[in-house]
Amino acid sequence: MADFLGMMKQAAQLQSKMQEMQDQLSSVEVEGISGGGLVAVRMTAKMDVKSINIDPLLMKAEEREVLEDLLVTALADARRKAETAVQEKMQSLTGGLGLPPGLFGQ
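For reference, each letter of the sequence shown is one residue, going 0 to 105 in numbering that gives the first Met the number 0.
Simulated from the structure, these hints should not be mistaken for laboratory data. Even for Gly, the Cβ is constructed at its ideal location relative to N, Cα and C. Wrong hints could be hidden among the right ones.
As the list claims (entries may be wrong) - SDA-like cross-link-like pairs, simulated, lysine to any residue; straight-line CA separation at most 20 Å:
| # | residue 1 | residue 2 |
| --- | --- | --- |
| 1 | 49 | 25 |
| 2 | 59 | 70 |
| 3 | 49 | 26 |
| 4 | 49 | 83 |
| 5 | 49 | 16 |
| 6 | 16 | 6 |
| 7 | 16 | 90 |
| 8 | 8 | 71 |
| 9 | 16 | 59 |
| 10 | 16 | 92 |
| 11 | 49 | 8 |
| 12 | 8 | 92 |
| 13 | 80 | 26 |
| 14 | 45 | 90 |
| 15 | 88 | 27 |
Claimed, not checked - Okay, the calculated beta carbon distance ranges per label pair:
| # | residue 1 | residue 2 | range |
| --- | --- | --- | --- |
| 16 | 41 | 62 | 17 to 25 Å |
| 17 | 64 | 11 | 47 to 55 Å |
| 18 | 64 | 12 | 47 to 55 Å |
| 19 | 49 | 12 | 28 to 36 Å |
| 20 | 23 | 58 | 33 to 41 Å |
| 21 | 7 | 46 | 29 to 37 Å |
| 22 | 5 | 82 | 25 to 33 Å |
| 23 | 48 | 89 | 20 to 28 Å |
| 24 | 10 | 61 | 23 to 31 Å |
| 25 | 71 | 2 | 44 to 52 Å |
| 26 | 51 | 4 | 17 to 25 Å |
| 27 | 25 | 55 | 41 to 49 Å |
| 28 | 28 | 7 | 47 to 55 Å |
| 29 | 51 | 5 | 46 to 54 Å |
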């Protein structure tokens with residue numbers, strides 16, 4: 000019975016820490032870059048795009064398709080970095096709780 004109560008306490012702690020982590024993820028920002036820095040995208044770890052910066056050299060009508068491709072690449076780079084930030088937060092959150100591997104995507 001003590002093990003069950005201990006698990007319930009751990010679950011409550013985890014729930015509290017998960018909420019804290021969700022709140023923190025709104026303030027974690029990453030930057031995705033493409034085209035050697037010609038396009039940069041800033042987004043939160045919750046995948047909210049905050050800004051897109053485009054080098055003025057790309058603002059030519061004939062470069063539109065290149066710019067579109069670079070934006071897609073920069074967004075994908077930012078998303079990968081945001082997902083990594085989320086995974087790192089989850090590992091630090093659940094690392095000391097003695098939970099079985101594989102739980103919560105670990």
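Hint-by-hint comparison with the structure:
1. The hinted pair formed by residue 49 and residue 25 meets the criterion: a straight-line CA distance of about 11 Å does not exceed 20 Å.
2. A distance of roughly 15 Å separates the Cα atoms of residue 59 and residue 70; the hinted pair therefore holds under the 20 Å criterion.
3. A hinted pair counts as satisfied when its Cα atoms are at most 20 Å apart, and residue 49 with residue 26 qualifies at roughly 11 Å.
4. Distance restraint check for residue 49 and residue 83: the Cα-Cα separation of roughly 18 Å lies within the 20 Å cut-off, and the hinted pair is therefore satisfied.
5. Between residue 49 and residue 16 the CA atoms are separated by roughly 25 Å; this puts the pair beyond 20 Å, and the hint is violated.
6. Restraint check: the Cα-Cα separation between residue 16 and residue 6 comes to about 15 Å, which is no more than 20 Å; the hinted pair holds.
7. Between the alpha carbons of residue 16 and residue 90 the distance comes to roughly 12 Å, so the proposed pair stays at or under 20 Å and holds.
8. Our distance criterion of 20 Å between C-alpha atoms is broken by residue 8 and residue 71, whose separation comes to about 44 Å.
9. Restraint check for residue 16 and residue 59: the C-alpha separation of about 48 Å exceeds 20 Å, so the hint is violated.
10. Taking the CA atoms of residue 16 and residue 92, the gap is near 7 Å; set against the 20 Å cutoff, the hint holds.
11. Proximity of residue 49 to residue 8 is assessed by CA-CA distance (about 37 Å); at most 20 Å being required, the pair is judged violated.
12. Distance restraint check for residue 8 and residue 92: the Cα-Cα separation of roughly 15 Å lies within the 20 Å cut-off, and the hinted pair is therefore satisfied.
13. Distance restraint check for residue 80 and residue 26: the Cα-Cα separation of roughly 14 Å lies within the 20 Å cut-off, and the hinted pair is therefore satisfied.
14. Taking the CA atoms of residue 45 and residue 90, the gap is about 16 Å. The hint holds against a cut of 20 Å.
15. At most 20 Å may separate the alpha-carbon atoms for a hinted pair to count; residue 88 and residue 27 meet this at roughly 10 Å.
16. Restraint check, residue 41 to residue 62: a C-beta distance of roughly 22 Å satisfies the suggested window 17 to 25 Å.
17. The hinted window of 47 to 55 Å between residue 64 and residue 11 holds, with their beta carbons roughly 53 Å apart.
18. Between residue 64 and residue 12 the Cβ separation comes to about 51 Å, which falls inside the hinted range of 47 to 55 Å.
19. The given range of 28 to 36 Å is respected by residue 49 and residue 12, whose C-beta atoms sit roughly 31 Å from each other.
20. The supplied range of 33 to 41 Å is met by residue 23 and residue 58, whose beta-carbon atoms lie about 36 Å from each other.
21. The supplied range of 29 to 37 Å is met by residue 7 and residue 46, whose beta-carbon atoms lie about 32 Å from each other.
22. For residue 5 and residue 82, the Cβ-Cβ distance of about 32 Å falls inside the hinted range of 25 to 33 Å, so the restraint holds.
23. Between residue 48 and residue 89 the CB atoms are about 22 Å apart, so this pair conforms to the stated range of 20 to 28 Å.
24. Restraint check, residue 10 to residue 61: a C-beta distance of roughly 58 Å breaks the suggested window 23 to 31 Å.
25. Remark: the range hint 44 to 52 Å for residue 71 to residue 2 is upheld by a beta-carbon distance near 50 Å.
26. At about 51 Å, the CB distance of residue 51 to residue 4 disagrees with the hint of 17 to 25 Å.
27. At roughly 31 Å, the beta-carbon separation of residue 25 and residue 55 lies outside the given 41 to 49 Å, and the hint is violated.
28. A hinted range of 47 to 55 Å for the beta carbons of residue 28 and residue 7 is inconsistent with their spacing of about 36 Å.
29. The hint said 46 to 54 Å for the Cβ distance between residue 51 and residue 5, and at roughly 48 Å that hint holds.
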